[in-house]
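S.K.: Here's the letter readout for the chains.
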Amino acid sequence: MYDFSTWGPTARYTVEVIGTVAFALSGILAGVRKRMDIFGISVLGFLAAFGGGTLRDVLLDRRPFFWVAEVEMLWLVIALCAVSLVLLRLGRLHVGDKAIQLADALGLGLFVASGVQSALVAQLPVVVAVMMGVVTGVFGGVMRDIACNEMPTAFADHRPYAVCGFMGGWMYIFGEWLDWAGWVVALASIATTTGLRLLALKFDWRLPDWRNG
Amino acid sequence: MYDFSTWGPTARYTVEVIGTVAFALSGILAGVRKRMDIFGISVLGFLAAFGGGTLRDVLLDRRPFFWVAEVEMLWLVIALCAVSLVLLRLGRLHVGDKAIQLADALGLGLFVASGVQSALVAQLPVVVAVMMGVVTGVFGGVMRDIACNEMPTAFADHRPYAVCGFMGGWMYIFGEWLDWAGWVVALASIATTTGLRLLALKFDWRLPDWRNG
Amino acid sequence: MYDFSTWGPTARYTVEVIGTVAFALSGILAGVRKRMDIFGISVLGFLAAFGGGTLRDVLLDRRPFFWVAEVEMLWLVIALCAVSLVLLRLGRLHVGDKAIQLADALGLGLFVASGVQSALVAQLPVVVAVMMGVVTGVFGGVMRDIACNEMPTAFADHRPYAVCGFMGGWMYIFGEWLDWAGWVVALASIATTTGLRLLALKFDWRLPDWRNG
Chain A
1 MYDFSTWGPT ARYTVEVIGT VAFALSGILA GVRKRMDIFG ISVLGFLAAF GGGTLRDVLL
61 DRRPFFWVAE VEMLWLVIAL CAVSLVLLRL GRLHVGDKAI QLADALGLGL FVASGVQSAL
121 VAQLPVVVAV MMGVVTGVFG GVMRDIACNE MPTAFADHRP YAVCGFMGGW MYIFGEWLDW
181 AGWVVALASI ATTTGLRLLA LKFDWRLPDW RNG
Chain B
1 MYDFSTWGPT ARYTVEVIGT VAFALSGILA GVRKRMDIFG ISVLGFLAAF GGGTLRDVLL
61 DRRPFFWVAE VEMLWLVIAL CAVSLVLLRL GRLHVGDKAI QLADALGLGL FVASGVQSAL
121 VAQLPVVVAV MMGVVTGVFG GVMRDIACNE MPTAFADHRP YAVCGFMGGW MYIFGEWLDW
181 AGWVVALASI ATTTGLRLLA LKFDWRLPDW RNG
Chain C
1 MYDFSTWGPT ARYTVEVIGT VAFALSGILA GVRKRMDIFG ISVLGFLAAF GGGTLRDVLL
61 DRRPFFWVAE VEMLWLVIAL CAVSLVLLRL GRLHVGDKAI QLADALGLGL FVASGVQSAL
121 VAQLPVVVAV MMGVVTGVFG GVMRDIACNE MPTAFADHRP YAVCGFMGGW MYIFGEWLDW
181 AGWVVALASI ATTTGLRLLA LKFDWRLPDW RNG
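Chains as they are written, first to last, in UniProt numbering: chain A, 1 to 213; chain B, 1 to 213; chain C, 1 to 213.
Just so you know, these hints were derived from the structure itself, not from any lab.
Some hints here could point you the wrong way.
Identical copies look the same in the list; a pair holds intra-copy or inter-copy alike.
Claimed, not checked - In silico DMTMM-like links for lysine to aspartate or glutamate, alpha-carbon gap of 20 Å or less:
1. LYS34 - GLU70
2. LYS98 - GLU72
3. LYS98 - ASP209
4. LYS202 - ASP179
5. LYS98 - ASP61
6. LYS34 - ASP157
7. LYS34 - ASP209
8. LYS98 - GLU70
9. LYS202 - ASP157
10. LYS202 - GLU72
11. LYS202 - GLU150
12. LYS98 - GLU176
13. LYS98 - ASP204
14. LYS34 - ASP179
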C-alpha cells in the first residue's frame with residue numbers, strides 16, 4: 001500500500017500499523033454499539049481498516065490487494081478483533097477518545113498520501129489522484145457506516161475530516177510539482193492532513209450546512 | 001463513455017453534458033435535503049453522476065474510467081457543486097421540477113444506450129448487455145440513495161424508470177440486429193427510453209406492487 | 001463458478017441450481033416484504049443470487065463473471081422472478097420455511113467451497129482464500145439487506161451463518177493440505193458448512209453479543 005521507499009522502513013511501518021489499528025478499532029466499536037455478533041463485528045473491523053484501500057485498488061485495477069501482498073496486516077486485524085472482543089467481555093477495554101482521535105488522524109494522513117501516490121504511479125491526472133487519496137482515507141469509514149445502516153458520519157458530521165485529507169492530497173501534488181524528495185512529499189502530505197484534523201478537533205471547527213439553503 | 005462515433009460529436013456532447021448535470025444535481029439536492037456538509041453533498045453529486053458508469057466499467061473491467069478519459073466531465077461536476085452551493089446559500093437556486101425531470105430522462109436514455117453499447121463491444125451476450133445498460137442508467141441513483149441511508153427510489157417508487165431503460169436497451173439490441181447504422185440505433189434507443197419515461201410522468205403510470213401478494 | 005471437475009457434473013449442477021434458486025428467492029421475498037415494484041424485486045433477486053460471487057470475481061479480477069460464462073443461470077433467475085411474481089399475485093406461492101432454510105444451507109455450502117477454490121487457483125494465501133469463501137457465500141445476502149435499507153442479518157442475527165461457512169472454508173484448506181481428491185475436498189467442505197448450519201438451526205445455537213461489553 002505504501003511504498004514511500006525512501007522513508008526509513010521502520011517509521012513507515014509504525015505509522016501503517018498505528019493507522020490500521022485505529023481504523024479497525026473504529027469498526028469493531030461500531031459493531032459492538034450496534035449489538036452485532038462476532039462475525040458482524042469482525043466484518044466492520046475489516047471494512048473500516050481495509051475498505052478504503054481495497055476500493056482504491058479496485059478502481060486502479062491493482063492486484064494483489066495491499067492486504068494480500070502484506071498478509072501480516074490481515075493477521076494484525078484478525079488478532080485485534082480477537083483481543084478486543086476478549087477485553088470487552090472482561091470489561092477491560094477502555095480506549096480513550098483522545099488516543100483514538102490521534103491514531104485515526106495519523107491513519108487518515110497516511111492513507112490519503114498512499115492513495116495519491118498509487119494514483120500518480122498509475123499516471124492518472126492530478127485531480128483524480130487527489131480524489132483517490134480521499135477515497136483511500138475516507139471510504140473505509142463510509143463502508144463501515146453503510147454496513148451499520150447509518151448515514152456516513154464523514155458526509156454529515158460537519159467536522160472537517162475528508163476536507164483535511166483533501167488539503168493533504170493537494171499538498172502531495174504540490175510537493176511532487178516542486179520535485180521534493182519522495183519522503184519529504186509524503187511527510188508534508190501526512191503532516192498537512194493530520195495536523196489540520198487535530199487542529200479542527202482542538203478548536204472545534206465546523207463546516208457549514210445548507211439546511212436553509 | 002459514449003463513442004457513438006457516427007453522431008455529430010456536438011449533438012452527442014450536448015446530451016452528455018445535460019445528462020451528467022441532471023444526475024449530479026439530483027445528488028447535490030439529495031445531500032442538501034439530508035443536511036450534509038460540503039463533502040457529503042459533493043460525494044452524492046459524484047455518485048449520482050458517475051456511479052452507474054463507474055460500476056459498469058468495473059464490471060466490464062474497462063480502464064480508464066470514462067471520467068478519467070474525459071476529465072473535463074469531472075471538472076464540470078466539481079464546478080457544478082461549487083456553483084450550486086453558492087446559489088443555494090444565496091437562495092437563488094430554483095430548479096423547476098419539470099426541467100429536472102426532462103434532463104434526467106435524457107440522461108437516463110443516453111446512459112442506458114452507452115451501457116448497452118460498451119457491453120456489446122466487450123462481446124457480452126445480449127441479455128447481459130441490456131442489464132449493463134440498465135445498471136449504467138439506474139445505479140448512480142441507487143448508490144446516491146444508499147449513501148443517504150434511504151431505500152433506493154428506483155426500487156420502490158412504482159413509477160416506471162428502470163423499466164423504460166430496459167425497453168430502450170432492448171430497442172438498441174433490436175436495431176443492431178436489423179443492422180441499422182450506429183447513430184440510428186443509438187437514437188432509437190434513447191428516444192425509446194426517454195420517450196417512455198416522459199409519457200410515464202405525463203400520464204402518471206404506476207407499476208403494481210405485491211403488497212397483498 | 002464451480003469447477004470441481006471430478007464431481008459428476010450432474011450432482012454439481014443440481015446443487016448449483018438449488019443454491020441459486022434459494023438465494024434468489026430470499027431476495028425476491030425481501031423485495032415483496034418491502035413493497036418494492038417489479039424492478040426492485042428483481043434487483044434484489046439478482047443481488048442475493050449473484051452478488052457474493054460477483055464481488056468475489058471482482059476482488060479476484062476474474063472475467064467473465066460466472067453468470068456470463070453460464071448465462072443459463074441468469075435466465076434461471078429471470079424465469080424465477082417472473083414465475084414467483086405471478087404465483088404471488090395469484091396467492092399461490094407458499095414456500096415452507098424449512099424448505100428455504102435447507103436450500104439456503106446447501107447454497108451457502110456450495111458457494112463457500114467454490115469461493116475458496118477460486119482463490120486457491122489464483123494462488124492466494126490460505127487465510128485470504130477462506131475469506132473469499134465466506135464473502136462468496138454471505139455477501140449476496142449482505143447486499144440484499146443493504147439495498148433494502150436494513151442492517152444485514154448476517155451481521156446481527158446471532159444465529160451462526162457466516163461462522164458455519166468459515167468452518168467449511170477451513171475444512172476445504174485442511175482437505176487440500178491432506179491431498180484429498182478434488183471432489184472429496186469439495187464434498188467435505190460443503191458437508192461441514194451445510195451440516196453445521198442445519199445443526200445450528202435445529203438446536204437453536206446462539207452467538208454471544210457484546211451488548212454489556
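S.K.: Please go over all the hints and tell whether each is borne out by the structure.
M.R.: Status of the hints after comparison with the structure:
For the identical chains of this complex, LYS34 and GLU70 are neighbours neither inside a copy (30 Å) nor across copies (39 Å), given an alpha-carbon limit of 20 Å. For the identical chains of this complex, LYS98 and GLU72 are neighbours neither inside a copy (27 Å) nor across copies (42 Å), given an alpha-carbon limit of 20 Å. For a Cα distance limit of 20 Å, the shortest separation of LYS98 from ASP209 qualifies neither inside one copy, at 26 Å, nor across copies, at 26 Å. For the homomeric pair LYS202 and ASP179, neither the shortest alpha-carbon distance inside one copy (33 Å) nor that between copies (59 Å) is at most 20 Å.
In this homomeric assembly, LYS98 and ASP61 never come within 20 Å of each other (Cα to Cα): the closest approach is 36 Å inside a single copy and 40 Å across copies. For the identical chains of this complex, LYS34 and ASP157 are neighbours both inside a copy (19 Å) and across copies (11 Å), given an alpha-carbon limit of 20 Å. In this assembly of identical chains, LYS34 and ASP209 lie within 20 Å of each other by CA distance solely across copies; the values are 10 Å between and 27 Å within a copy. In this assembly of identical chains, LYS98 and GLU70 lie within 20 Å of each other by CA distance neither inside one copy nor across copies; the values are 29 Å within and 43 Å between.
Taking identical chains as interchangeable, the C-alpha atoms of LYS202 and ASP157 lie at most 20 Å apart only when both belong to the same chain, with a minimum of 16 Å there against 39 Å between chains. Within a single copy, LYS202 and GLU72 get their C-alpha atoms no closer than 34 Å, and across copies no closer than 38 Å, so neither meets the 20 Å cut-off. Taking the closest pair of Cα atoms, LYS202 and GLU150 never come within 20 Å of each other, the shortest separation being 26 Å inside a single copy and 33 Å across copies. Neither within a single protomer nor between protomers do LYS98 and GLU176 lie at most 20 Å apart by alpha-carbon distance, with minima of 33 Å and 47 Å respectively.
In this assembly of identical chains, LYS98 and ASP204 lie within 20 Å of each other by CA distance solely inside one copy; the values are 14 Å within and 42 Å between copies. Proximity of LYS34 and ASP179 under a CA criterion of 20 Å is satisfied in neither setting, with 47 Å inside one chain copy and 42 Å between copies.
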